[in-house]
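Residue numbers (the numbering used here), protein chains in the order written: chain A, 99 to 231; chain B, 30 to 202.
The set of hints was computed from the structure by calculation and includes no laboratory data.
In silico lysine-lysine, BS3-like type, Cα no more than 25 Å apart, as pairs: (1) LYS198(B) to LYS105(A); (2) LYS167(A) to LYS136(A); (3) LYS121(A) to LYS185(A); (4) LYS167(A) to LYS141(A); (5) LYS66(B) to LYS105(A); (6) LYS167(A) to LYS149(A); (7) LYS149(A) to LYS136(A); (8) LYS167(A) to LYS185(A); (9) LYS105(A) to LYS121(A); (10) LYS114(A) to LYS66(B); (11) LYS121(A) to LYS149(A); (12) LYS150(A) to LYS167(A); (13) LYS114(A) to LYS69(B); (14) LYS105(A) to LYS57(B); (15) LYS69(B) to LYS105(A); (16) LYS167(A) to LYS114(A); (17) LYS172(B) to LYS57(B); (18) LYS150(A) to LYS136(A).
A quick note: this is a predicted structure, and the numbers were derived from the prediction, not measured.
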Amino acid sequence: MRSTIAKRILDNTPEKTRHFVRKQADLVVRINELLRAKGYTQKRLAEAMGKKPSEINRWLKGEHNFTFKSICHLEAVLGESIFEVPKRRVFTASKGVFFEVTVYKNKVKPANHKFEDWKQDSFKREQFLEYGE
Amino acid sequence: MNNFVLELWDDQGSSCSFYTVRWLDCEKSETDLFLEKFEKIPELQEPLQSLLSFILDAIGEDHGAIDALFNREENEVQGLPMHGKVRLNKVTFYYPQFPLRIYALRLSERLVVLFNGGIKDAQTNQASSLNSEWREACEFAKKITRAWLDGIIEVDSTGRILTDYNNNKEIIL
Chain A
99 MRSTIAKRIL
109 DNTPEKTRHF
119 VRKQADLVVR
129 INELLRAKGY
139 TQKRLAEAMG
149 KKPSEINRWL
159 KGEHNFTFKS
169 ICHLEAVLGE
179 SIFEVPKRRV
189 FTASKGVFFE
199 VTVYKNKVKP
209 ANHKFEDWKQ
219 DSFKREQFLE
229 YGE
Chain B
30 MNNFVLELWD
40 DQGSSCSFYT
50 VRWLDCEKSE
60 TDLFLEKFEK
70 IPELQEPLQS
80 LLSFILDAIG
90 EDHGAIDALF
100 NREENEVQGL
110 PMHGKVRLNK
120 VTFYYPQFPL
130 RIYALRLSER
140 LVVLFNGGIK
150 DAQTNQASSL
160 NSEWREACEF
170 AKKITRAWLD
180 GIIEVDSTGR
190 ILTDYNNNKE
200 IIL
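Please construct the entire structure, taking both the sequences and the accompanying hints into account.
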């Protein structure tokens, strides 16, 4: 069940708006989770980043449009990844044919396997499934 | 306070259901009246879409009603989503960032009641033109919270559906 008016407004909402809102919420939730896991208070994070506590509070309440630089600064201070940028990995198939997959776990770097080997090697196949899906 | 109906507003998201309130003599819920009012103002179309996406996508579908996505409580209710600033005609309203506010009562991470809202044009609810909506939302929230604590309202095993003690899904308070 969904309110008719809400459905109409949401259906007319541009995808870019919904994408931005969801990503921003993801970011706020992720940062809050990391702070909790690592025992950071807002005050301590502010000190570590050389910012005012009020500025950190705005970050954590979603009132701040993060810059790429500020996200990287946060990642460096917290020692954890906040945003992952997927990368394309090229796999070599037989007869010079290549195929690409998008890899979402960037810290693991699968080698450039030969496709035929990969097909017959269950270990590599599992690696592919783990990294490539 | 007159009687009102506590009714389901949205349960399409996988993380959280939203309820709303409707006066017994009124066809539309307070939340729908809020949306209908601000949908007609072109300058507020995008903020309204963002607010609705925040409620239905980010809370309803992705995360549920978790602390990180809610502002601090303002008496019995919490404002969604953030603070703001907007220019309407030649008047600029100043507040931290987001122009619209809708009031909500969080019963659990899977259940939220939405009320009415508006444009927040001052630092505090008391000084804002939203004062009457905020006070009314607090009154609704008090009555719902008391009914919840007294067992007049019950939640089903999924944690997503409210009923009264007679198992009615349309709850009159």
